[in-house]
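Novice: The lines below spell out each chain.
There are 2 protein chains.
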Amino acid sequence: MTIREEMLKLAQDARKAGRAMANLSSAVKDEMLRRMADALEKGANDLLAANELDLGAARDKGLAPAMVDRLALDEGRIKAMADGLREVADLPDPVGEITGMWRRPNGIQVGRMRIPLGVIGIIYESRPNVTADAAGLCLKSGNAVILRGGSEAFHSNRAIGDLLKAEMAAMGLPAAALQVVTTTERSAVLELLKLEEQIDLIIPRGGEGLIRFVSEHSRIPVIKHYKGVCHTFVDASADYDMAEKICVNAKVQRPGVCNAMETLLIHKDIAETFVPRIVATLRAKRVEVRGCPVTREFAPEVKAATENDWGTEFLELILAVKVVDDIDEAIEHIQRYGSLHTETIVTRDYGNSQRFLREVNSSVVMVNASSRFSDGNQLGLGAEIGISTTKLHSFGPMGLEDLTTRKFVVLGDGQIRS
Amino acid sequence: MTIREEMLKLAQDARKAGRAMANLSSAVKDEMLRRMADALEKGANDLLAANELDLGAARDKGLAPAMVDRLALDEGRIKAMADGLREVADLPDPVGEITGMWRRPNGIQVGRMRIPLGVIGIIYESRPNVTADAAGLCLKSGNAVILRGGSEAFHSNRAIGDLLKAEMAAMGLPAAALQVVTTTERSAVLELLKLEEQIDLIIPRGGEGLIRFVSEHSRIPVIKHYKGVCHTFVDASADYDMAEKICVNAKVQRPGVCNAMETLLIHKDIAETFVPRIVATLRAKRVEVRGCPVTREFAPEVKAATENDWGTEFLELILAVKVVDDIDEAIEHIQRYGSLHTETIVTRDYGNSQRFLREVNSSVVMVNASSRFSDGNQLGLGAEIGISTTKLHSFGPMGLEDLTTRKFVVLGDGQIRS
Numbered sequence: 008m009t010i011r012e013e014m015l016k017l018a019q020d021a022r023k024a025g026r027a028m029a030n031l032s033s034a035v036k037d038e039m040l041r042r043m044a045d046a047l048e049k050g051a052n053d054l055l056a057a058n059e060l061d062l063g064a065a066r067d068k069g070l071a072p073a074m075v076d077r078l079a080l081d082e083g084r085i086k087a088m089a090d091g092l093r094e095v096a097d098l099p100d101p102v103g104e105i106t107g108m109w110r111r112p113n114g115i116q117v118g119r120m121r122i123p124l125g126v127i128g129i130i131y132e133s134r135p136n137v138t139a140d141a142a143g144l145c146l147k148s149g150n151a152v153i154l155r156g157g158s159e160a161f162h163s164n165r166a167i168g169d170l171l172k173a174e175m176a177a178m179g180l181p182a183a184a185l186q187v188v189t190t191t192e193r194s195a196v197l198e199l200l201k202l203e204e205q206i207d208l209i210i211p212r213g214g215e216g217l218i219r220f221v222s223e224h225s226r227i228p229v230i231k232h233y234k235g236v237c238h239t240f241v242d243a244s245a246d247y248d249m250a251e252k253i254c255v256n257a258k259v260q261r262p263g264v265c266n267a268m269e270t271l272l273i274h275k276d277i278a279e280t281f282v283p284r285i286v287a288t289l290r291a292k293r294v295e296v297r298g299c300p301v302t303r304e305f306a307p308e309v310k311a312a313t314e315n316d317w318g319t320e321f322l323e324l325i326l327a328v329k330v331v332d333d334i335d336e337a338i339e340h341i342q343r344y345g346s347l348h349t350e351t352i353v354t355r356d357y358g359n360s361q362r363f364l365r366e367v368n369s370s371v372v373m374v375n376a377s378s379r380f381s382d383g384n385q386l387g388l389g390a391e392i393g394i395s396t397t398k399l400h401s402f403g404p405m406g407l408e409d410l411t412t413r414k415f416v417v418l419g420d421g422q423i424r425s
Numbered sequence: 008m009t010i011r012e013e014m015l016k017l018a019q020d021a022r023k024a025g026r027a028m029a030n031l032s033s034a035v036k037d038e039m040l041r042r043m044a045d046a047l048e049k050g051a052n053d054l055l056a057a058n059e060l061d062l063g064a065a066r067d068k069g070l071a072p073a074m075v076d077r078l079a080l081d082e083g084r085i086k087a088m089a090d091g092l093r094e095v096a097d098l099p100d101p102v103g104e105i106t107g108m109w110r111r112p113n114g115i116q117v118g119r120m121r122i123p124l125g126v127i128g129i130i131y132e133s134r135p136n137v138t139a140d141a142a143g144l145c146l147k148s149g150n151a152v153i154l155r156g157g158s159e160a161f162h163s164n165r166a167i168g169d170l171l172k173a174e175m176a177a178m179g180l181p182a183a184a185l186q187v188v189t190t191t192e193r194s195a196v197l198e199l200l201k202l203e204e205q206i207d208l209i210i211p212r213g214g215e216g217l218i219r220f221v222s223e224h225s226r227i228p229v230i231k232h233y234k235g236v237c238h239t240f241v242d243a244s245a246d247y248d249m250a251e252k253i254c255v256n257a258k259v260q261r262p263g264v265c266n267a268m269e270t271l272l273i274h275k276d277i278a279e280t281f282v283p284r285i286v287a288t289l290r291a292k293r294v295e296v297r298g299c300p301v302t303r304e305f306a307p308e309v310k311a312a313t314e315n316d317w318g319t320e321f322l323e324l325i326l327a328v329k330v331v332d333d334i335d336e337a338i339e340h341i342q343r344y345g346s347l348h349t350e351t352i353v354t355r356d357y358g359n360s361q362r363f364l365r366e367v368n369s370s371v372v373m374v375n376a377s378s379r380f381s382d383g384n385q386l387g388l389g390a391e392i393g394i395s396t397t398k399l400h401s402f403g404p405m406g407l408e409d410l411t412t413r414k415f416v417v418l419g420d421g422q423i424r425s
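Just so you know, the protein sequences line up as chains Z and U, in that order.
Each residue of the first sequence is one higher than the one before, counting from 8 in this note's numbering.
Each residue of the second sequence is one higher than the one before, counting from 8 in this note's numbering.
Wrong hints could be hidden among the right ones.
To be verified - DEER-style ranges, computed between Cβ atoms:
hint	chain 1	residue 1	chain 2	residue 2	range
1	U	D90	Z	P112	14 to 20 Å
2	U	E308	Z	H224	50 to 56 Å
3	U	D90	Z	D246	52 to 58 Å
4	Z	G179	U	D332	20 to 26 Å
5	Z	S244	U	G107	27 to 33 Å
6	U	S425	Z	G214	23 to 29 Å
7	Z	S244	U	S425	23 to 29 Å
8	Z	D420	U	K292	21 to 27 Å
Don't read these hints as lab results, they were simulated from the structure.
The beta carbon of each residue, even a glycine, is placed where N, CA and C say it ideally should be.
Chain Z on its own, in the form it takes in the complex (with noise of 0.2 Å):
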């Protein structure tokens, strides 16, 4: 079989499975999970064994050793993606949920219900969890999936792969539902991404060029966000030391991640204390600051912003500082240069807390709270399956009922249309 037939095959299958899967109660979907999750603990040794084949792999082709770590399973992380899949099995499942039910004058009864969106394909990088955790919130929401993960974690892919699929198939569900593709050819993803008959919605989790080259090539839609350049905006009304702690947080808990802070907005009312301050504890964290011609008046130690910075996604620990006139050059600023991901304003002035709500369009907006709260575990989704910064189908952080559709259903007692 050539690769085309082969992922053809394989999401056929997929297609086929999913229409099974979509029917399967709750209580049947759950159990499978928690058997799942029991299955890795069970299996730890050939999980560690086909992990050490990739890791051996991975140092003899010289990998940078951030990205062996990645690749790395030990009983930890391997209890982990089972207590993973446990908490899917504790969250409520969307599919059959009828939101809202109303009658029309002829006496039809109309209703939205929910259903899966069919067969989602994950294409992502090293980490192996990806694999367990992307399964779980896939088939509890009755949808089949197909895994492309890296080439490097082929061996642990299909290994925790096979551990999943064969529960399946010992319940007697269809463990075609489930496929790891297990070719490292390069062009199977080019060929999975054509099939838009078979695939319904594709998620590239990974790098931005991972991103970028698969919405480049997609025929099916994908559901993606490029970066997160999350801004926090002190407004001239702000506790200080709750402004302090929010930009803190925001900033030098996690850097690497996408709702990290990477600029900050300071109003000019209080930029002549509050930027000395900010800046002096920052850098006490051992924070890079980059500042605008204002913010170095009131703290000269700070290196000079160019315009490159703002937008500029650091990933560490670089923070861009600028002092704006008011709410509306930070709203505009905002728009100008951020990635619709997560923007915070810090503020005891009611009517700007809700302009900026109304406002600024990204796709979490806070009020007096870190951006380090956006993910979908921390606003209260459970698990989360990825993040999207386009608006359609989902903006934001997504759960397991964005992997659902609805549907109308209709209800009449022989009415005709006249």
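Mind docking chain U on chain Z? Use the hints.
Specialist: Quick look at chain U alone, frame taken from chain Z:
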């Protein structure tokens, strides 16, 4: 300016004006729509004069009478456009609605707020009323809109657009949020479909050829439906009178539209009595029936259906009829040949009604009602911007709400992540 530059400028202007539209109050938008409605009626003479130019050109080109009729405006059609805008003004505004708000253990409150999509492009064919209808829905939902109608309707569309924009300008509103593409160059559509940074969604309205062209060439998400192959399944327990009434309405009342029935499935247990009855009734209404072998056994006057007839959207008084063994075969037939539009079961059996509702994942699924109800207005969405038979973002008839997305809003009082 090249066509490319012209389309880019127009889309950039729309993007900027769309930001202002997003923040307008419902009261202002509704007043705008009512003034636009009045302006169409007061400007009827100008519209009719512009329309006459299009009609003259159409006749000179020898366009088919049906096409010329679609293009024609008269007092009644102008009043219908105006009333359409007034109806949209009366609909509730989805923008700003918060759909659910919950509290997290750390005290932050998390909700989801509806916001406009941004800039919507509508690509359509010859009916000039789409210009006013689509503008009304897109603007009411806080979006900017780019309208690209068929070149046959060039003068009519421009005249309608000029009247509507004049009202926006008179109210001091951003008239650039309503863009009517006035170049008749065919490349204008291709250029628009490339502007993924400026346009958030494309909705093609017209025949299958137009829709395929747009979705094959667009880098922007496209909401579409190619065709409606609607099935009605008459179950063994169906009330014959009700089944007959529903089948006649679904096939005959308006056969040229996408929610008309194209295939009738009949349970084998009632074939001997129901097949001759429904065939006779439909033939009396000049419907050409094409049947499976069992259908022809009980109604020998019926022409044999070919494999090609299953899944065909006839759009005229032709109906394919198949006798099936049970509800399973009915559902399988629909999955295999359907177009995910609208399917109906006629039954008195509670269990089968529930199975059909759950297991048939078309965009509209009905029990004991005519498929002709499958449009936004009949289902209670108010006016309809289109219909989607793809599952991402929207599935089924689309109203105002489908022109919005939801962002997360987070209200804290200083929370940081630990």
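Novice: Hint by hint, note whether the structure agrees.
Specialist: Cross-check of the supplied hints:
1. The beta-carbon spacing between D90 of chain U and P112 of chain Z, approximately 18 Å, falls within the hinted interval of 14 to 20 Å.
2. At roughly 54 Å, the beta carbons of E308 of chain U and H224 of chain Z sit within the given window of 50 to 56 Å.
3. At roughly 53 Å, the beta carbons of D90 of chain U and D246 of chain Z sit within the given window of 52 to 58 Å.
4. Distance hint check for G179 of chain Z and D332 of chain U: the Cβ-Cβ separation is about 24 Å, which falls inside the suggested range of 20 to 26 Å.
5. Taken as a hint, the range 27 to 33 Å holds for the pair S244 of chain Z and G107 of chain U, whose Cβ atoms sit roughly 29 Å apart.
6. For the pair S425 of chain U and G214 of chain Z, the beta carbons lie near 28 Å from each other, so the given range of 23 to 29 Å is met.
7. The hinted window of 23 to 29 Å between S244 of chain Z and S425 of chain U holds, with their beta carbons roughly 26 Å apart.
8. Separation of D420 of chain Z from K292 of chain U is about 23 Å and conforms to the stated range, judged on CB atoms against 21 to 27 Å.
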